[in-house]
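In order, the protein sequence lines correspond to chains A and B. Every letter in the first sequence is one number past the one before it in the working numbering, and letter 62, counting from 1, is 62. Every letter in the second sequence is one number past the one before it in the working numbering, and letter 124, counting from 1, is 124.
Worth flagging that the hints you see were computed from the coordinates, not collected in a lab. Don't be surprised by glycine CBs; every beta carbon is placed ideally from N, CA and C. Heads up, a few of these hints could be off.
[Stated by the list, open to error] If we take Cβ atoms under 10 Å as the criterion, some of the chain A residues that face chain B in the derived model are:
#1 I7
#2 N139
#3 V175
[Said to hold, decoys possible] Below, in silico cross-link-like pairs of lysine-lysine (DSS-like), each with a Cα-Cα straight-line distance of 30 Å or less:
#4 B:K172 to A:K3
#5 B:K172 to A:K4
#6 A:K249 to B:K30
#7 A:K184 to A:K221
#8 A:K4 to B:K162
#9 B:K162 to B:K30
#10 A:K3 to B:K162
#11 A:K288 to A:K249
#12 A:K3 to A:K244
#13 B:K30 to B:K63
#14 B:K113 to A:K4
#15 B:K172 to A:K184
#16 B:K162 to B:K88
#17 B:K142 to B:K88
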Amino acid sequence: MGKKVGIEVSIAAAEAVGLCDVDVVAAYPITPQTHIVEHLSELVANGRLDAEFVPVESEHSAMSVCCGSAAAGARTFTSTAAQGLALMAEIVYIAASMRLPILMLVANRALSAPLSIWNDHSDAMMVRDSGWIQIFCENGQDVYDHIFHAYRVGEDPRVSLPVMVNMDGFILTHVIEPVEFWTKEMVGSYLPRFRPLNTLHPDKVVTMGAFGMPEIYAEQKMAHDQALKNSMPVLLEGWDELAKLTGRKYEPVELYRTEGAETLLLAMGSLCETASLAVDQMREAGRKVGLVKLRLWRPFPLAEVRKALSGAKDLVVLDRSISVGAANAPVTSEISAAMYHEPQRPRIHCMIAGIGGRDVTPEDITNMVDLSLKGTEQECHIYGVRG
Amino acid sequence: MIEMRFHGRGGQGAVTSAELVAQAAIDTGKYATAFPSFGPERRGAPVVAFARVADEPIRVRAKVYSPDVVIVLDPTLVQIANPAQGLKSDGVLVINSSHDADTLRRDLGYQGKIALVDASRIAREVIGLPITNTTMVGALVKATNMLSLESLEGPFNRRFGKIAPRNLAAMKRAWEEATVIG
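Please model the complete structure; the sequences and the hints are all you need to start from.
Here's what the structure looks like:
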């Protein structure tokens with residue numbers, strides 16, 4: 001077992017990327033991702049990591065370099081946030097459709113305008129439909145462990161897809177906390193070498209990213225959709241093996257004190273930790289409240305979500321982004337659609353909270369439960385907003 | 001769980017103070033978190049950083065609103081930052097000041113426990129710069145008994161390398177000179 005160190009989560013994440021012995025890092029600095037790529041550039045500059053660090057002129061170029069390097073068979077890393085992901089978006093779709101395994105760490109941050117450097121999930125939601133595997137992390141250990149998991153799953157020939165690991169900007173990126181490091185031996189036993197099915201090579205010519213006529217485009221999309229859904233057993237296998245190695249068990253949907261719960265909270269990312277405290281406080285007060293943590297966002301764990309939610313009377317979804325003009329925020333919409341055909345389903349309440357870096361305390365979460373239970377179904381609230 | 005809020009000015013190292021305390025706690029087997037007040041800080045502007053230390057994993061990801069300990073790195077913040085805000089009645093205010101406790105209590109509107117040290121003078125004398133972040137850790141250790149002085153040696157050495165000894169010396173001077181009142 002590796003040792004536990006008090007370290008900034010960004011630096012721990014960069015150290016994990018270094019332990020994966022990546023070949024290419026292409027990134028453009030943007031708050032709050034900066035410390036991750038700065039540390040990686042130091043690792044390369046001081047010879048601790050034998051990789052090509054490409055200091056690109058934009059995020060669009062960063063993802064373009066990543067596509068080229070992954071297509072050539074190199075283990076590839078990038079990281080960005082908010083406006084950077086927006087500028088990158090064109091190539092984000094292409095990376096997934098071309099089935100190129102790339103790891104991107106997104107330091108989740110609100111999209112402008114107004115200009116905000118602070119956390120929410122609007123950047124991740126913007127590329128929700130791009131066909132990447134998308135995982136949301138609760139704490140620093142979770143981020144660190146998922147660097148290894150993401151490479152193992154994404155590069156698996158049964159999957160061959162890029163993976164986006166989401167870590168809340170500032171709330172995780174800039175926090176010093178205990179992280180248990182992996183040893184080189186642990187990484188070696190968990191993460192095999194990247195052996196892609198096809199690579200760009202002059203001796204064995206293949207075409208990647210070809211023109212798609214109307215006769216083939218829909219089939220291509222179906223194949224991509226199936227590939228993403230079929231990554232589930234490999235994701236589970238990766239989490240099982242990780243548990244054997246570290247004792248930490250991750251799942252697509254994780255339950256916290258849900259036994260006998262009449263009201264469930266559902267959250268993603270670091271909000272889950274704070275919500276678990278609110279659940280403890282409400283349980284102590286005799287209230288039947290539990291928490292469902294949605295770790296895996298894509299592929300959407302439909303069966304697991306249905307199983308977790310069907311027994312509750314009320315469900316309060318904590319959405320950390322807003323879909324302007326929509327009936328509900330993105331996670332609530334997805335959950336509502338998943339539950340619509342279930343014979344037994346909870347009343348679903350949408351609470352948009354913590355957008356643009358607004359702080360969320362355990363007391364806020366209890367308030368959101370109270371407000372939801374007083375209100376009617378299908379109403380979407382922005383919690384704490386001033387009129 | 002002990003919750004702390006650090007007040008400083010951009011460039012004085014309030015965030016570093018919080019980080020060193022958290023790292024010392026983690027090194028000694030406790031759980032801890034430290035984080036800045038998440039803003040685009042400018043040199044000289046008032047800044048805030050937070051730390052939590054506990055015997056069990058820390059789950060709360062919100063800012064600290066009712067600290068057990070407030071650490072004030074810069075004496076000029078008494079007038080503008082309202083550092084005693086939210087401080088628990090049985091908490092302690094650890095402050096860098098050359099004033100006496102009664103004057104400070106009046107200026108702060110705060111009646112509770114105070115740990116007082118002239119950290120600017122110590123830092124100038126020992127480090128050669130009026131940067132008080134490491135010095136103030138000594139006063140914090142004396143005021144709370146939460147950590148030992150020795151537990152800071154590892155984090156200081158990792159962070160400061162060659163200049164660690166001077167910073168450790170300043171921390172020890174502050175631990176010796178700090179007076180805890182009330």
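Quick one: which hint numbers does this structure break? Sort them smallest to largest. 7, 14, 15 and 16
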